[in-house]
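**Q** Since chain C is already given, all that's left is putting chain L on it; use the hints.
Protein sequences, first through last, are from chains C and L. Counting in this note's numbering, the first sequence runs from 1 upward without gaps. Counting in this note's numbering, the second sequence runs from 1 upward without gaps.
Note that these hints are calculated values from the structure, not bench results. Please note that a few of the clues may not be correct.
Chain copies aren't distinguished; within one or between two, either way the pair holds.
[Unchecked claim] Below, a list of computed lysine-lysine pairs in the DSSO-like style, where the Cα atoms sit at most 27 Å apart: (1) K137 - K11; (2) K271 - K303; (3) K303 - K11; (4) K303 - K14; (5) K74 - K110; (6) K74 - K14; (7) K271 - K14; (8) K175 - K74; (9) K137 - K280.
Single-letter residue listing:
Number of protein chains: 2
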Amino acid sequence: MIARYLAPLAKEFKGAFELTDDTAVIRSESGFDIVATVDTLVAGVHFLNSDPPTSIGKKLMRVNLSDLAAMGAKPHLYLLSLALSADTDEAWVADFVAGLAEDQEAFGIKLAGGDTVSTPGPTTLTLTALGQVAAGKALLRSGAEIGDAIYVTGTIGDGALGLAVLNGGCASLSKHMREHLVARYRLPEPRVSFGGDLIGLAHAAIDVSDGLVADLGHLAEQSGRSASVDVARIPLSEAAETACAEDRDLLTAILTGGDDYELLFTGDAAKEAEILSRAKRCNLRLTRIGRIGEGEGVHILDKEGTQVSLDEQGYRHF
Amino acid sequence: MIARYLAPLAKEFKGAFELTDDTAVIRSESGFDIVATVDTLVAGVHFLNSDPPTSIGKKLMRVNLSDLAAMGAKPHLYLLSLALSADTDEAWVADFVAGLAEDQEAFGIKLAGGDTVSTPGPTTLTLTALGQVAAGKALLRSGAEIGDAIYVTGTIGDGALGLAVLNGGCASLSKHMREHLVARYRLPEPRVSFGGDLIGLAHAAIDVSDGLVADLGHLAEQSGRSASVDVARIPLSEAAETACAEDRDLLTAILTGGDDYELLFTGDAAKEAEILSRAKRCNLRLTRIGRIGEGEGVHILDKEGTQVSLDEQGYRHF
Chain C
1 MIARYLAPLA
11 KEFKGAFELT
21 DDTAVIRSES
31 GFDIVATVDT
41 LVAGVHFLNS
51 DPPTSIGKKL
61 MRVNLSDLAA
71 MGAKPHLYLL
81 SLALSADTDE
91 AWVADFVAGL
101 AEDQEAFGIK
111 LAGGDTVSTP
121 GPTTLTLTAL
131 GQVAAGKALL
141 RSGAEIGDAI
151 YVTGTIGDGA
161 LGLAVLNGGC
171 ASLSKHMREH
181 LVARYRLPEP
191 RVSFGGDLIG
201 LAHAAIDVSD
211 GLVADLGHLA
221 EQSGRSASVD
231 VARIPLSEAA
241 ETACAEDRDL
251 LTAILTGGDD
261 YELLFTGDAA
271 KEAEILSRAK
281 RCNLRLTRIG
291 RIGEGEGVHI
301 LDKEGTQVSL
311 DEQGYRHF
Chain L
1 MIARYLAPLA
11 KEFKGAFELT
21 DDTAVIRSES
31 GFDIVATVDT
41 LVAGVHFLNS
51 DPPTSIGKKL
61 MRVNLSDLAA
71 MGAKPHLYLL
81 SLALSADTDE
91 AWVADFVAGL
101 AEDQEAFGIK
111 LAGGDTVSTP
121 GPTTLTLTAL
131 GQVAAGKALL
141 RSGAEIGDAI
151 YVTGTIGDGA
161 LGLAVLNGGC
171 ASLSKHMREH
181 LVARYRLPEP
191 RVSFGGDLIG
201 LAHAAIDVSD
211 GLVADLGHLA
221 EQSGRSASVD
231 VARIPLSEAA
241 ETACAEDRDL
251 LTAILTGGDD
261 YELLFTGDAA
271 KEAEILSRAK
281 RCNLRLTRIG
291 RIGEGEGVHI
301 LDKEGTQVSL
311 DEQGYRHF
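Chain C on its own, in the form it takes in the complex (with noise of 0.2 Å):
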């Protein structure tokens, strides 16, 4: 199976000896830092048994480009780990190979090694992807300034919405609508090129996957400020608009719900004209969703201005 299936997605990187050595050899570039990041996918947690073999390898594969684009990193190589359950047949392996091949040509990041096992539970999915940024350049959480102005890429909400759909939810939406959210809950766009483009240029960043007010709290708390949110700029696809325009409610869904792997960073707002620019040149929606400021914590603020409060039950005024 390695030699047959994984062997070719090593074959441009000569440090993998084809996959014929447990160990790959990477040279170091100087001028260069090394940024790594591992992700684990889980059958039945973190994609469903159903999904196709080819998205899943790509979710696999992006979930770990999202991590790097949010330190601005190029993708450089990646070492798989693939725990298999006994019932894994080999067409499941050709299209799940099949899908890490597409998304290594479209991202240029290349398989330097790897472990495969057989496991008596679900199949369990490791990549630890390697980047590459320029010295002492990465794009760490822990740089937001007072004043600073929020940007996100894309669209909020999507993934966890077309999550809801897979469950059954969302049913009053078209049919393409709801294509749209399970295309994008199987497969995140990691934002790597825009990620490179940041350095310089934000000051925090980070990348959505636990959710957009939980991660504008991590990137909040290692900055040592708050961060306020006007709710109403949060850009929503138009299925995700119409979701919420017929049920409010999903609107801590879109805010809470996570796999968005969108890039959330802040930057000077009187940069903003160059930041946007960048932005177009990506063919990236760009949004202005908020501003940080002294304290902690993450505010959310309806059209009025007035604090709300998420929780299960909805968001509602404090």
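**A** Chain L alone, transformed into the frame defined by chain C:
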């Protein structure tokens, strides 16, 4: 759990940001290559649920360190991905982490980042280890030359017999001997320091994880050579020797069972004095067990130099 148990493991490595970031930043050091390896251990497959969590943490670390040792690389950083079963309690995590912490000290490696998820299946532990080696100097599997002597560190077969003891086998051995074998199964000793000493001296190297015969086969194949082993020269512990004297068929388990994590390498027999002196400096038993030749495959020779065959019924003459 991350802040309480895992962040302390990362506190000495600044690029881990106290695990508050999903990603680690590793400063490149010019003149060094990075060696990367990943291994996954599944509960009930690669370790027993009855194994002490401290030794599970150490084993996870050490199987990876053994891969670095076989490259001659110095351990540097690791990433950890823990998929924990629902019944994992805090005491298990505390003990598991204590094992990692002890081995960080012992081997000079630090936690750089990771991911922690829960799984409906068995606990599945993945560790990605990064090491450093002088640029272009990593030991490979592919450098064995015709006429090279084949050496192995320590003793072979204890891991396989230790697993047999845990499964109720080798019952006639003394308690002390059974404990020795179980300890060797649970706690491999990666030959990290000696691996570094072999740079510039070994022509090809591998660690014995799949079993002596299989791993020597990998080395021979990657080198495009054959390997002959004198079975009487295979170094055995007192316990393994005793077990074998009672049941000659155990020799097959010893030669093919794996989980040894000793170093197997080839070198110029004319430099044997230097090779042995470096092993002595590391307090390491080292045994010359055979020779590299033309052709392909692994040939096991008995005392009379006659080739024997290994199979599940034990070993026998052709």
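**Q** Given a CA cutoff of 27 Å, do K137 and K280 count as a within-copy pair, a between-copy pair, both, or neither?
**A** within (23 Å within a copy, 46 Å between copies)
**Q** State whether the alpha carbon distance between K74 and K14 is at most 27 Å within one copy, between copies, both, or neither.
**A** Answer is both; intra-copy 19 Å and inter-copy 21 Å each pass.
**Q** Could you place K137 and K11 in one of the four classes (within, between, both, neither) given a Cα distance threshold of 27 Å?
**A** For K137 and K11, the Cα distance is within 27 Å only across copies (21 Å; inside one copy 30 Å).
**Q** At most 27 Å between C-alpha atoms: does K175 with K74 qualify within a copy, between copies, both, or neither?
**A** Intra 36 Å, inter 56 Å, cutoff 27 Å: neither.
**Q** Quick one: K303 to K11, C-alpha cut-off 27 Å, is that within a copy, between copies, both, or neither?
**A** neither (54 Å within a copy, 43 Å between copies)
**Q** Tell me, please, which holds for K271 and K14 at an alpha-carbon limit of 27 Å: within, between, both or neither?
**A** Answer is neither: 42 Å inside a copy and 30 Å across each miss the 27 Å cutoff.
**Q** At 27 Å max between alpha carbons, let me know whether K303 reaches K14 within a copy, between copies, both or neither.
**A** Answer is neither: 56 Å inside a copy and 42 Å across each miss the 27 Å cutoff.
**Q** As a check of your reading, is K271 near K303 (CA-CA no more than 27 Å) within one copy, between copies, both or neither?
**A** within (25 Å within a copy, 80 Å between copies)
**Q** Since the copies are identical, ignore which copy is meant and state whether K74 and K110 lie within 27 Å (CA to CA) inside a copy, between copies, both or neither.
**A** Result: close both inside a copy and across copies, 12 Å intra and 24 Å inter.
Of the numbered hints given earlier, the model fails hints 3, 4, 7, 8; all others are met.
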